[in-house]
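*Asks:* Full structure from sequences and hints, please.
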Amino acid sequence: MAPALKTVIPALAAALSAPESMLYERQRALVREGLLKSRPGHGRGSGVQATPDSIAMLVVGILASVGLSKAGPRARAMAGSKVGEALVDTGGPKECRFTGQVRFVDALARILADEQLVARVRMIEVGVTRGWARIVYQPPRRATSDESFFYGRREDPPHDLGDASLDGLQITVGISGETTKKIAKVVSGLSQEDEQ
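Take the sequence shown: its position 83, counting from 1, is numbered 83 in my numbering, and each next residue is one higher.
Misleading hints may appear alongside valid ones.
[Said to hold, decoys possible] Okay, derived cross-link-like pairs now, SDA-like style, lysine to any residue, Cα gap no bigger than 20 angstroms in a straight line:
1. 6 - 37
2. 82 - 134
3. 82 - 6
4. 70 - 21
5. 94 - 70
6. 181 - 19
7. 82 - 18
8. 181 - 18
9. 181 - 130
10. 82 - 24
[Stated by the list, open to error] What follows is a set of in silico ranges between Cβ atoms, one per label pair, in the way DEER data are often shown:
11. 139 - 178: 15 to 21 angstroms
12. 141 - 189: 48 to 54 angstroms
13. 169 - 68: 30 to 36 angstroms
14. 144 - 70: 32 to 38 angstroms
15. 129 - 19: 36 to 42 angstroms
16. 168 - 119: 23 to 29 angstroms
17. 34 - 142: 51 to 57 angstroms
18. 169 - 22: 30 to 36 angstroms
19. 20 - 171: 33 to 39 angstroms
20. 143 - 19: 24 to 30 angstroms
21. 69 - 119: 19 to 25 angstroms
Treat the hints as calculated values from the structure; they're not laboratory data.
Cβ coordinates follow ideal geometry from the N, Cα and C atoms, glycine included.
*Replies:* Next up, the structure:
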């Protein structure tokens, strides 16, 4: 049985160089939004289980919103963002070339659970005010990085990506490849706990 997410929050906070209280608050906001499932009761087996999926959702919740008040809705929008879903169909891939996943949260969970993938990550970013996410990675046998973009809907007006203008405030939040590796190390510790 997976440990409770709250038991790995100290390690995640250290990996992110963020206060534990921020992660606990995001977890609560994501539970209220229905994005993290919490088992009722007290003790082992209750609360939100620490899995690659729940940790990926928590990371999305942190990246998707600078403030707590919109953390849930923005995390929902970013988690569901999909590869190639821009307003104009580019004819590009409908799944991430790097992870094989369609949704951003699934791509992030796959990265966190796969040592070979996480070793190639250079940066994971979320365009908070523009409704996109980007995974920058190093393809095998290439000198330059590649990237996968995920597009979703913004929760604030104008409610879509129709405003292609780059005017106004833009907020982008990201984590480096090294930080992603630290988070993945926490995830790999989950499987070791299950074996004991």
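*Asks:* Give a verdict on every hint.
*Replies:* Hint-by-hint comparison with the structure:
Our distance criterion of 20 angstroms between C-alpha atoms is met by residue 6 and residue 37, whose separation comes to about 13 angstroms. For a cut-off of 20 angstroms, the pair hint linking residue 82 to residue 134 stands: about 11 angstroms separates their Cα positions. For the proposed pair residue 82 and residue 6, the alpha carbon gap of about 28 angstroms is over 20 angstroms, so the pair is violated. Taken as a hint, the residue 70 and residue 21 pair is honoured in the structure, with Cα atoms around 17 angstroms apart against an allowance of 20 angstroms.
Note on residue 94 and residue 70: the hinted pairing is violated, with a Cα-Cα distance of about 28 angstroms set against a maximum of 20 angstroms. With a C-alpha separation of about 19 angstroms, the suggested pair residue 181 and residue 19 falls inside the 20 angstroms cut-off, and the hint holds. Proposed proximity of residue 82 and residue 18 is contradicted: the alpha carbons are some 27 angstroms apart, above 20 angstroms. In summary, the hint linking residue 181 to residue 18 is supported, as the alpha carbons are separated by about 16 angstroms, within the 20 angstroms threshold.
With a C-alpha separation of about 26 angstroms, the suggested pair residue 181 and residue 130 falls outside the 20 angstroms cut-off, and the hint is violated. Between residue 82 and residue 24 the CA atoms are separated by roughly 27 angstroms; this puts the pair beyond 20 angstroms, and the hint is violated. Between residue 139 and residue 178 the C-beta distance comes to about 19 angstroms, which sits within the given range of 15 to 21 angstroms. A beta carbon spacing of about 31 angstroms between residue 141 and residue 189 contradicts the range 48 to 54 angstroms that was offered as a hint.
At roughly 19 angstroms, the beta carbons of residue 169 and residue 68 sit outside the given window of 30 to 36 angstroms. A beta carbon spacing of about 35 angstroms between residue 144 and residue 70 agrees with the range 32 to 38 angstroms that was offered as a hint. Hint check: residue 129 to residue 19, Cβ distance near 23 angstroms, so the stated range 36 to 42 angstroms is violated. At roughly 37 angstroms, the beta carbons of residue 168 and residue 119 sit outside the given window of 23 to 29 angstroms.
A hinted range of 51 to 57 angstroms for the beta carbons of residue 34 and residue 142 is inconsistent with their spacing of about 40 angstroms. Checked against the hint of 30 to 36 angstroms, the C-beta distance between residue 169 and residue 22 comes to roughly 22 angstroms, which is inconsistent with it. Between residue 20 and residue 171 the beta carbons are some 23 angstroms apart, a value that contradicts the proposed interval 33 to 39 angstroms. Evaluation of the 24 to 30 angstroms hint for residue 143 and residue 19 yields a failure: the beta carbon distance comes to about 38 angstroms.
Roughly 36 angstroms separates the CB atoms of residue 69 and residue 119, a value that falls outside the hinted 19 to 25 angstroms.
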